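*Asks:* Let the hints inform the model, and build the full structure from the sequences given.
Protein chains in written order, with numbering that gives the first Met the number 0: chain G, 0 to 314; chain B, 0 to 345; chain F, 0 to 360.
Fair warning: there could be bad hints in the mix.
What the hints assert, rightly or not - To give a feel for the contact side, a few chain G residues facing chain B, derived at Cβ under 10 Å: (1) Leu25; (2) Val138; (3) Val140; (4) Gln150; (5) Val219; (6) Val248; (7) Val263; (8) Tyr275.
Quick caveat, the hints were computed from the structure, so don't treat them as lab data. Model, not experiment: these values are computed from the prediction. Positions of the beta carbon are idealized from the N, C-alpha and C atoms, including for glycine.
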Amino acid sequence: MGKYVCKRLGMALLTLLIITFLLFLLVRIMPGNPFPSERMSAEQIANKRAEMGLDDPILTQFIRYMGNVLQGDFGKGTSLYNGAPIRTVLSTAISNSFRIGGVAILLGTLVGLALGITAALNKGRFLDGFCTVFSILGVCVPSYVFLIFLQYTFSFRIPFFPYFFDPTRFAFSSVIPAVSLSLFTMSTIARFTRNEMVEVFDSDYVRLAEAKGMYGRNLVMKHVLRNALIPIVTVLAPLVVDLLTGALVVEKIYGINGIGKLMVDAIAGEGIDYNYVLALGILYSALYIGIMLVVDLLYGVLDPRIRVASKGEEA
Amino acid sequence: MAKKELQLQAPAAPYVPVKEDFVLLTKRDIHTDTNFASQSYWKGVFTHFFKNRRAVVGLVIITVILLLALFGPLMNGFGYRDIVQYRNEKNKRVVAKGISPQIPAIHRLLTGEEPEGNFADYTFLFGTDDLGRDLWTRTWYGARVSLLIAFVTIIIDMIIGMSYGLISGYFGGAVDQVMQRFVEIANSVPRLVIVSVLAIFMPKGMGLVIVALLLTEWIGMSKIARAEMLKIKEQEYVLASRTLGARNGHIIFKEILPNTIGPIITQVMFSIPTAIFTEAFLSFVGVGIVLPQCSVGTLIEDGFNNITTLPYQILPPIIVLALLMLGFNFIGDGLREALAPKLEDM
Amino acid sequence: MSEAPKTILDIRNLDISFKTNAGIVHAIRGVNIDLCKGETVAIVGESGSGKSVTMKAAMGLLDSNATVNSGEILYTYTDDHGREQTVDLLKMPKKQLRQQINGQRIAMVFQDPMTSLDPTMTIGKQIMEGMFLHKNMSREAAKARAIELLNLVGIPDAEKRFRNYPHQLSGGMRQRVVIAIALSADPDILICDEPTTALDVTIQARILELIMDIQKKMKLSVIYITHDLGVVAKVADYVDVMYAGKIVEVGNVNEIFYEPKHPYTWGLLSAMPDLDTEDDRLYSIPGSPPNLLHEPKGDAFAARNQFALAIDEKADPPLFQVSRTHFAATWLLHPDAPKIEMPRELQDRLERARKEVEKYL
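*Replies:* What follows is the structure in structure tokens.
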């Protein structure tokens, strides 16, 4: 098990390093003035470039950049926020995004599980049909559409929630974005849980447990749930990623200063802020790879077929 | 030996046999199996698919939207970027700004009166936007653009992904190792990051959306193609073909590819809505389709910008988007079930 | 003379249909089977003949789309107070069936050991579950008993295996575990649904011997569901031949193997591989079993029967009695029917087999 974890961790770090290098390469070989916000002569620019080490071999530059990144220094923005240090901007953004996104994931997973389990236990009856319709709706409509709908209804027509995000009332004003972000997760998990459970109910080992004399709650708790829930861990990773993507628009619409809005500002504005693109690219890749790693390891812990495999070989 | 007695109540036979019944039936063909005769694979898939109510609903939805996307913009005289206007008696421009959905024919039918006011005798099924453009035309034109992007990219992705997966799976060994490492790394780059890097190199617009989709969607296809290849390449007929001296290319593309087509088409049906979703998302964010072009995504964005003044404007593109997602997902589900039907356990 | 053995399980006139997307499938069409204490009955037939469904009905394991149209499954047992009780398993509520019958009185071994164990639970836990449910045992006692059972079914290193997960065991070992689970609450009846089909031939024989051995030790009554006549010859006292949801021939093992009367049984016997046959082609019954979505008129086997009579297409034959224990549902046994004997080759084969057996007696 320890060997397995180390191997996975090593792979993940290597992948991240490769991606970071590629990103760095792509962003740095871009033609154009890296200092669009400052008026300088050609000579001044050349001096500045040399001073910043932009004329060094790309590998040297990369190693220097990585050294800074590891100390939390991503440099300064080229056009965004008047060149404020990316680190400061980013830390607020991360905190905002993670708090709202975390609530959304938690809400989506818990309600989704509850819905899916209820549907599977009532297979073919009204509740099952309701859950199916709900999950189809949730998968077919993007989260920002839900947000627009909720914002229009509960902030504009019935002005209960704030129309835009208000950091001074964090919890209250995260309700609408968190709920709209959670719906996709919720419906995917509900659908997946239901189908997994129905499949497990049809399995031979549940048949055997019934033949043993197990029924009802006992049967569901001991044999059905565990087997049905393990694979759900695998959909969590893509769901988190979808949520990150959805958060882009949701944060933009609702005016939340999060990493999603930062990304939109960095690429969709008039000029593109290369340093932000690079920093956010590294951040998103690290997040993505980290989530996949965690899910992989979690799956290994939950499923004895993976957990005990190495032990079996040694024995 | 144990003794055992059976008490069997023979059911009251309604038929009383006569002597002539007890002759051997001769000249019958008992060697042809009529139970399983004449059921080709694809015929089975089709019957199974069309018995699935949801799949048929999905097919109907997609067909209707496709037809409307093709012919909808032609159904009235307005162009997708035309501003509906006329000059009044004082030679002043009167523009059909922000007219909510109206059908004069129904108005006449219900009230028996001619509708009054500017543009009152125009039919605007979905209304007009804040600039005075007809939303019916724009909605279907936008749907056409979104569908076109989705189809083009997914078909190219299918070709790339399938070739990649089939080759990787067929050769196995070191080739497979290297190719799979590459997939692993490519798969670890979030789509958002790819889009943001692309935004540095490319102008915003349709091209960026297509390239972003091309770079990401082939991975899923290649995984499925590889899995199918691994399953099929061990089968006897492939071995037979190889023993007969067929070349690798022939085996991969002539012998194996046709047998992987089912799962691939299913994957295509799930990828198309992803592509539409992504296009809408990118256009909404502002790196996709640019004005005055329109797609489902820009229409939703337009609607959102005017939501407080013209709330009806956002509904048509959202409904079209949701129906597209629904339709393709239903078709995909139906195909998947039809390709691997569960045997009735007896 | 020992006294006549008591009937312990008595299936009467069972009739089951399934609602499928394609329509209603009439899978079981009036089945009668009985099992006496301590004996072994084998139910033989091709796939889809309804063998498993019949036994699943007795276990209350029918799929939700199944309907029992008529019939009863009478189970006779001695209750905790030593009184003899007879219950109809079909009328029992599911909950009561699980609490009082399944596992504790009637246990089942399934076909595929690779899928019938819960992959997320150690085998020890899976064996002990039945004991906790029915015997109220303490953990220590249950563990001791589970290890005893693992030893009984021939699993070496039982103490260590107790903590293993199913994927750490081979197919044959897993089937032994499934048998141990079935035995965990001391049942009266063991239903084995093709217990060896998914296993290697060499392991098949060992599993069969294991079941027979345990049957003797624990005085079990056993029902085998199988399509393998080799298994039947080895283990069964009585044989029910099933075809298209009906019992077409029933008798003790000698009657079925040496004096079969139903053309379907002839077909099954001819299809058994045999080293001595001169014919180098392996016989198989032509065609396939009828689709019970469209219930055939008359005898369901007529379409595949080279000895079919005109009446076979008009009416279903009743069971004709051949001897006290031997019955067959074929019009060939009607007094008016032409005298048709089993095919020559089969006769020779059976004769050879009989001599072979006598040599060893």
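*Asks:* Against each hint, give a clear statement of whether it holds in the structure.
*Replies:* Results of checking the hints against the structure:
no.: 1; hint: Leu25; result: 5 Å, holds
no.: 2; hint: Val138; result: 7 Å, holds
no.: 3; hint: Val140; result: 5 Å, holds
no.: 4; hint: Gln150; result: 8 Å, holds
no.: 5; hint: Val219; result: 22 Å, violated
no.: 6; hint: Val248; result: 6 Å, holds
no.: 7; hint: Val263; result: 5 Å, holds
no.: 8; hint: Tyr275; result: 9 Å, holds
This entry does not satisfy hint 5, going by the numbered hints stated previously; all others are met.
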